[in-house]
Amino acid sequence: MESWRNAKALFAGVGFPPAAWLLVFFVVPLGVVWLYSFGTNTSLTEIEISGTFSNYARALDPLYLGILWKSVLVAAATTVICIVVGFPVALAIVFAPDRWKPWMLLAIMLPFWTNLLIRTYALIAVLRREGYANQAIGWLHDSLGALAPLVGLPQPGAYEPMELLYNNFAVIFGLVYVHLPFMVLPLYAALDKLDKSLIEASLDLGAGHLRTLLLIVAPLAAPGIVSGVIITFVPALGAYLTPDLLGGPDSQMIANVIERQFKRANDWPFGAALSFILMYATFIAIAFQAMKNRQAEARQ
Amino acid sequence: MNAVTTQTTLAALRQSIGRRSLLQGLGVAAVGISFGGLAACSGGSGGTASTGEEATLNFYNWDTYIGETTLDDFAESSGITVNMSLFATNDELFAKLRAGNAGYDVIVPSNDFVERMIQANLIQELDQSKIPNMANVDPTFIDVAYDPGRKYSMPYTWLALGIGYRKSAVSARPDSWKVLFDSPEYAGKIALLSEAGDVIRLGAKYLGHSVNEITPEIIAEVEAMMIRQKPNIRTFHEDNGQDLLLSGEVDLVLEYNGDIAQIMTEDDDIDFVIPGEGSQLNSDNLCIPVGAPHPLNAHMFINNLLDAEVGKKITETILYPTPNAAAKALMPDDYKNNPVIFPPADLLAKCEYASYNAELQPLYEEAFTRIRAA
Numbered sequence: 000m001e002s003w004r005n006a007k008a009l010f011a012g013v014g015f016p017p018a019a020w021l022l023v024f025f026v027v028p029l030g031v032v033w034l035y036s037f038g039t040n041t042s043l044t045e046i047e048i049s050g051t052f053s054n055y056a057r058a059l060d061p062l063y064l065g066i067l068w069k070s071v072l073v074a075a076a077t078t079v080i081c082i083v084v085g086f087p088v089a090l091a092i093v094f095a096p097d098r099w100k101p102w103m104l105l106a107i108m109l110p111f112w113t114n115l116l117i118r119t120y121a122l123i124a125v126l127r128r129e130g131y132a133n134q135a136i137g138w139l140h141d142s143l144g145a146l147a148p149l150v151g152l153p154q155p156g157a158y159e160p161m162e163l164l165y166n167n168f169a170v171i172f173g174l175v176y177v178h179l180p181f182m183v184l185p186l187y188a189a190l191d192k193l194d195k196s197l198i199e200a201s202l203d204l205g206a207g208h209l210r211t212l213l214l215i216v217a218p219l220a221a222p223g224i225v226s227g228v229i230i231t232f233v234p235a236l237g238a239y240l241t242p243d244l245l246g247g248p249d250s251q252m253i254a255n256v257i258e259r260q261f262k263r264a265n266d267w268p269f270g271a272a273l274s275f276i277l278m279y280a281t282f283i284a285i286a287f288q289a290m291k292n293r294q295a296e297a298r299q
Numbered sequence: 000m001n002a003v004t005t006q007t008t009l010a011a012l013r014q015s016i017g018r019r020s021l022l023q024g025l026g027v028a029a030v031g032i033s034f035g036g037l038a039a040c041s042g043g044s045g046g047t048a049s050t051g052e053e054a055t056l057n058f059y060n061w062d063t064y065i066g067e068t069t070l071d072d073f074a075e076s077s078g079i080t081v082n083m084s085l086f087a088t089n090d091e092l093f094a095k096l097r098a099g100n101a102g103y104d105v106i107v108p109s110n111d112f113v114e115r116m117i118q119a120n121l122i123q124e125l126d127q128s129k130i131p132n133m134a135n136v137d138p139t140f141i142d143v144a145y146d147p148g149r150k151y152s153m154p155y156t157w158l159a160l161g162i163g164y165r166k167s168a169v170s171a172r173p174d175s176w177k178v179l180f181d182s183p184e185y186a187g188k189i190a191l192l193s194e195a196g197d198v199i200r201l202g203a204k205y206l207g208h209s210v211n212e213i214t215p216e217i218i219a220e221v222e223a224m225m226i227r228q229k230p231n232i233r234t235f236h237e238d239n240g241q242d243l244l245l246s247g248e249v250d251l252v253l254e255y256n257g258d259i260a261q262i263m264t265e266d267d268d269i270d271f272v273i274p275g276e277g278s279q280l281n282s283d284n285l286c287i288p289v290g291a292p293h294p295l296n297a298h299m300f301i302n303n304l305l306d307a308e309v310g311k312k313i314t315e316t317i318l319y320p321t322p323n324a325a326a327k328a329l330m331p332d333d334y335k336n337n338p339v340i341f342p343p344a345d346l347l348a349k350c351e352y353a354s355y356n357a358e359l360q361p362l363y364e365e366a367f368t369r370i371r372a373a
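If you're matching them up, the sequences are chains X and G in order.
Per numbering that gives the first Met the number 0, the very first residue in the first sequence carries number 0; after that it's consecutive.
Per numbering that gives the first Met the number 0, the very first residue in the second sequence carries number 0; after that it's consecutive.
Where hints are given, some of them may not hold.
To be verified - List time: in silico DSS-like cross-link candidates among lysine-lysine, alpha-carbon distance up to 30 Å:
hint : chain 1 : residue 1 : chain 2 : residue 2
1    : G       : K166      : G       : K335
2    : X       : K262      : G       : K95
3    : G       : K177      : G       : K188
4    : G       : K349      : G       : K188
5    : G       : K349      : G       : K129
6    : G       : K312      : G       : K129
7    : X       : K262      : G       : K312
8    : G       : K129      : G       : K95
9    : X       : K195      : X       : K291
10   : G       : K229      : G       : K188
11   : G       : K229      : X       : K69
12   : G       : K335      : X       : K262
13   : G       : K327      : G       : K129
14   : G       : K150      : G       : K177
15   : X       : K69       : G       : K188
16   : G       : K188      : X       : K262
17   : G       : K349      : G       : K95
Calculated directly from the structure, the hints in this document are not laboratory data.
Keep in mind it's a predicted model, so treat the numbers as computed, not measured.
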């Protein structure tokens, strides 16, 4: 095969547009925001880049660190639930008959065709006090309750709807619902390449299903799991619509605080500093993944 | 029973798509769209209007905030085509104009943002001789604190914050802010507006201070009170309090009178009260941003919107309280005499417009962040 070094013009021709795009629409705006994080508000509309670190100092206040920590916990819980739910789903698709696979993958991707906001409003309709979830459970409660006297049990009281919305449960539920496809797809990609004879060998040699799953399948699917974790955890960490719409009085996440700095508080430098703290955390997570990958390659 | 519930859910979903709620979430997307949209549609109409300017006008408005035929009627009478684009929050409007006017001629900021935009030199003085219909405006809306003598803005609508509540769920008429801010009586049945400034100012009002005489000490006092009250609060809503009330999610909400008046037509069990301590008024205003490409058309358009007949048609559609006395006179009695849309004068006398204070705004936000993190 010819090396790209022999086709420099072609390479430059193909490579230039995306590189320019990335530079103009990603690196430059991000650089401007980065500069803002060292700035001070001089009037309602002007920011002076004064090189101050005071925005970062304020962002490291226990108040904001506490919110950041809480966001990390929420994002981590979301990621763990996504793995636990997503792994069996990915396995099911891998072992499904070939003609079903495209349809199952389509079903996983279908939610992407609807705007996140609409999906979140739909969740409100499901979870609210008189929503579909409470209606369904209430119906079960009433119909089973009506049967209770027949088997000699006392008739239960009226159904009291559960508070499913406007709390941290609703936020994590909403985040899992939104991010599950991001976990299933890389897991599927990793598991699909797996040599199935290894699983058969493990089962033949006497390992149980769970043991096979944990000792054979999971380590081989590790790169997929790591990618899935990163692309679930990072956006969940920056989520702001879900906590805004589904959360209760204490469900704010760091992105909600950042949003308020850019809008209501009109304090762009502080908002920029908070965003960059989040960004540094993200970079560290990605660097960690790259390191893991390199280790994995070195082992092979 | 099921059919009724489904209907309520549908009504609730429809209600939630109000002026300040759905678009707000889509805000990011909307910014992108209207950037390109404006450039695309401004070149279209070519001809010259009676003002001597190109026969076109770019109007930047809230969603569902104009009469059904208002723009067409104006185009017919003046020959000027109006391109309307929409914003969802004052912050969005401010953030966009702060980067330079992209070609808007008429905008509709709320009172505190009128002040803020005057301070930031983003809106221009109006030529009142070109707006004779200013005579239709109720005199109490002319000399307002945020724009004395109406040099920069013309009033379009006004609103008052108060308590929307479910009559069957309260023991007595909730005519004090105490039920929302300082009492466990309705624990878990309360939703407050997710606006730092409004919540802190109304908390101060409850404690006996004017909304415009707030000090950092008062903010700290209100913050402590709200942190005590937080376990009783179900959620901070994104100006969709009427939806939460209608769907039975909560029994008391901090909301605007116009929003509650809309759902009262669907549910007899809902009412609205302005607490006896007084409240905060808001008003949306027509302004011309600095750098507007068609200032003469803009004056003509603002004058047209203040016309009695035009104002009546707008009010019929949006059902907000109108500051236009001549338009109000043309409205049916059930609007004019609605105590929710037009609260009693003695209560209104205790209400104030909150002025914009650049020093306090970050303190409000930080206090609110602490309340929510507590």
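Going down the list of hints, with the structure as the test:
no.	hint	verdict
1	K166(G) / K335(G)	23 Å, holds
2	K262(X) / K95(G)	11 Å, holds
3	K177(G) / K188(G)	14 Å, holds
4	K349(G) / K188(G)	27 Å, holds
5	K349(G) / K129(G)	34 Å, violated
6	K312(G) / K129(G)	22 Å, holds
7	K262(X) / K312(G)	33 Å, violated
8	K129(G) / K95(G)	28 Å, holds
9	K195(X) / K291(X)	24 Å, holds
10	K229(G) / K188(G)	12 Å, holds
11	K229(G) / K69(X)	18 Å, holds
12	K335(G) / K262(X)	36 Å, violated
13	K327(G) / K129(G)	23 Å, holds
14	K150(G) / K177(G)	38 Å, violated
15	K69(X) / K188(G)	25 Å, holds
16	K188(G) / K262(X)	29 Å, holds
17	K349(G) / K95(G)	34 Å, violated
When the structure is compared with the earlier hints, violations turn up for hints 5, 7, 12, 14 and 17 and for no others.
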